[in-house]
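Produce the complete structure using the sequences and hints provided.
There are 4 protein chains.
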Amino acid sequence: MKKLFSLLLLFCAIQLAAQTKDPKDTEVWEPEPRVVTPGTMGSPPSDAIVLFDGKNFDEWITVGKDTKPGWKLEGGVMTVAKGAGDIATKRSFGDCQLHVEFRTAAVVEGEGQGRSNSGVFLQSRYEVQVLDNYKNRTYSNGQAGSIYKQSIPLVNACRPPGEWQTYDILYTAPRFNADGIRVAAGRITVIHNGIVVQHNVEIQGTSEYIGLPKNIAHGNAPIVLQDHGNPVSYRNIWIREL
Amino acid sequence: MKKLFSLLLLFCAIQLAAQTKDPKDTEVWEPEPRVVTPGTMGSPPSDAIVLFDGKNFDEWITVGKDTKPGWKLEGGVMTVAKGAGDIATKRSFGDCQLHVEFRTAAVVEGEGQGRSNSGVFLQSRYEVQVLDNYKNRTYSNGQAGSIYKQSIPLVNACRPPGEWQTYDILYTAPRFNADGIRVAAGRITVIHNGIVVQHNVEIQGTSEYIGLPKNIAHGNAPIVLQDHGNPVSYRNIWIREL
Amino acid sequence: MKKLFSLLLLFCAIQLAAQTKDPKDTEVWEPEPRVVTPGTMGSPPSDAIVLFDGKNFDEWITVGKDTKPGWKLEGGVMTVAKGAGDIATKRSFGDCQLHVEFRTAAVVEGEGQGRSNSGVFLQSRYEVQVLDNYKNRTYSNGQAGSIYKQSIPLVNACRPPGEWQTYDILYTAPRFNADGIRVAAGRITVIHNGIVVQHNVEIQGTSEYIGLPKNIAHGNAPIVLQDHGNPVSYRNIWIREL
Amino acid sequence: MKKLFSLLLLFCAIQLAAQTKDPKDTEVWEPEPRVVTPGTMGSPPSDAIVLFDGKNFDEWITVGKDTKPGWKLEGGVMTVAKGAGDIATKRSFGDCQLHVEFRTAAVVEGEGQGRSNSGVFLQSRYEVQVLDNYKNRTYSNGQAGSIYKQSIPLVNACRPPGEWQTYDILYTAPRFNADGIRVAAGRITVIHNGIVVQHNVEIQGTSEYIGLPKNIAHGNAPIVLQDHGNPVSYRNIWIREL
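These protein sequence lines map, in sequence, to chains A, B, C and D.
If you read the first sequence in the working numbering, its first letter stands for residue 9, the second for the next number, and so on.
If you read the second sequence in the working numbering, its first letter stands for residue 9, the second for the next number, and so on.
If you read the third sequence in the working numbering, its first letter stands for residue 9, the second for the next number, and so on.
If you read the fourth sequence in the working numbering, its first letter stands for residue 9, the second for the next number, and so on.
Hints are computed from structural coordinates only; laboratory data are not their basis.
It is possible that part of the hints are untrue.
Heads up, the list lumps identical chains together, so a pair's fine if it works in one copy or across two of them.
Stated by the list, open to error - Mimicking BS3-like on lysine-lysine, the simulated pairs with C-alpha atoms at most 27 Å apart in a straight line are:
{"hint": "1", "residue 1": "Lys32", "residue 2": "Lys73"}
{"hint": "2", "residue 1": "Lys143", "residue 2": "Lys32"}
{"hint": "3", "residue 1": "Lys98", "residue 2": "Lys143"}
{"hint": "4", "residue 1": "Lys29", "residue 2": "Lys222"}
{"hint": "5", "residue 1": "Lys143", "residue 2": "Lys222"}
{"hint": "6", "residue 1": "Lys80", "residue 2": "Lys90"}
{"hint": "7", "residue 1": "Lys80", "residue 2": "Lys222"}
The structure is reproduced here in structure tokens:
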């Protein structure tokens, strides 16, 4: 009888336990994220495709030609050579994390859009403006960190002429349906020198100097760096496909 | 007559020009983004609120008490003192960019969730997990870079024990309507050691060890750092309100 | 002994149960959604603010004046009276679900933008175009169901002239920060005659006939219906604040 | 001379015009949205795939078998036959607009989750709950209009037992990367009897009765209607691929 009683006690204890929620219930074990070794001091993460490490133009061609870029390559840095044309990656990309370092000219020349103008084009179409806007006013939707002629940066985070600057970009490509109508706009986050200047912004369409953005269906496409005739320099460019 | 003819020619030329679109049409000059001086080598941008610069606990209190944090402060670094409790900022925040540097213990102790466990809570409720997951398996939605028990990080970007690591966080607070129903989830982007691990992810609700996330209407609230009983260190914490 | 054995069996059964996750763990009971009685055959839901039920202009004024609208009111229908001006709700709104029924002129006059042109403006600024585009071509970003001069509708879902049509609109207002910079674009979903034509689209800024959308910080604002000089009719207009 | 003067005047006038922005600059003519004839009184739009028009089960099979559904078909209406099992469309779908009409049992039986329980599964995995919650309390994240055990509806928009009700659903499928990690959650808008109850909500993962939502990479998949043992009826089901 005594035994029966203690068994009943046990029974109650178990029931109580059964009613208690278990922290294990909200654990999710799969999938396990793969390991990536982060970079140090600007070096790329282990899973990045290095687009430029200062050694050569192996990942690049001149836009519109199938030739090696005519940009200057010196001291681990590439610099726009006026007239050499835009350069594009050989590979095509869609959704990605892109790291770019750039340097505007130490000797200030020109003003407004004329001062160290260049640009980083996602999918060859959507431009994150590169410009020296350190104490240099231009239209807000055309300054450094803007989605060119579309989205004003949240703040002006430019470093002075001649200093290295960074763009860390998170990019989601637009989607088009079978009618060729864009059903989801592209989205972009841009961190300029560690400061968010575009925060999950919808891209209206192609970057156009004249007229409105266009939306014509497309797939993956190269990253393009612009020759706008000014000696802007680039180094340490890498990309991770998302 | 000849003069008239040339004037007519001019007239036509002008009309042509009138039909040409003008690049100025797509310039937007207002508002002008305010200037922010970016930091260098981890120093905060000029518009950041510095929450911890290694000198004191002026911006912090112990959670649940109104007392100065009992964490260790040494060499510009603060370290969890087991049992001293979670600490919170005196100020409250909503949408923000948050930079945090943390270091897991150089001497490895424990495993799974027991190894250098801590956490950064946005609005005192939503946890970005801090944990030593360098060659330390735990449930995927509970590892470093996870939104604790909600969102698995895209990759495992941990540095080895004893090394400084960074979280750069973009956070948009949830919105609630007059019924107390959440009409827009919070959203978060987390960059861990320079690698995106949460990309514009919706936060399901409060971080819970047991049971489901909760969604109870709230306003701005402090950032909280967790005392989970392990000697995790922090330094260089700053925030920008968005 | 036999009793003991069966108790042990019971014990095992219970332990098994204790290890099984409980469906109750993922039940959320609070908050309880409030009850709304849906409408029937176009009548408004019980929690809607009825903006026009065919009886009077009590909820409306002429824009720019503080006068009763000069539009025609007949048979439960209001119709643009050319030159009477745009009309606005007396109340201001932000996030909302808006139901509007409209009828283009049975007798077709004009073409392109000249045929039964009107518009529904959210927050007095962001226009969902009203136009007779039944076999009437105009620019794609200006046809019925477009966000005027910003977003082309996914399809052309127009009914023939003289038939009643519906817009069911889900609208989230833009948010601006203390700098007056827009930190979140407005978002809109438009269902035209039961067919989605705008699917969670970001609004670029104010609807402009000439030039680009503008983004100047604002709060809640009235719904406006446009007098574009064409005899477009409206009925059964209601709104729910979200 | 006088002529010359008037020509110069003209010249100035034209120049002025040239400086004025042209409304044509913000017209976009391509692509032209294709024409869709909207339905009337519940009939499907011209571009919809009709999944059920009351005549037959041609578009459906029993889940897990390759057999014709065992549900009742009578008077243009199909009704769950207890034990006949869930039914699925033969075709698979991704992003879509889905219209479903359902009727809970006129004779009220059971309570809570036991009263006219059924469900509409997007991509065979993500359930919009069907239930008679007219004066019938259950857990909030399990009532009609919920994303089952994930998202509480904004309001309770149920019609009384025995009346036809509608779900109008806008659905965007989740996206997975090559690692099998979900890089974009699915998104859903649900309009219940004309009232928005889910507004662009992220779907956490699969609908689970016990335990947490799961996220395992998948492609397009059938729409499924649930046999939960209660005689819920369906009619007029159509889908448009987005």
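Do the hints match the structure? See the list:
| no. | hint | verdict |
| --- | --- | --- |
| 1 | Lys32 to Lys73 | neither (58 Å within a copy, 31 Å between copies) |
| 2 | Lys143 to Lys32 | between (56 Å within a copy, 21 Å between copies) |
| 3 | Lys98 to Lys143 | neither (36 Å within a copy, 36 Å between copies) |
| 4 | Lys29 to Lys222 | between (54 Å within a copy, 15 Å between copies) |
| 5 | Lys143 to Lys222 | between (32 Å within a copy, 25 Å between copies) |
| 6 | Lys80 to Lys90 | within (10 Å within a copy, 57 Å between copies) |
| 7 | Lys80 to Lys222 | neither (33 Å within a copy, 41 Å between copies) |
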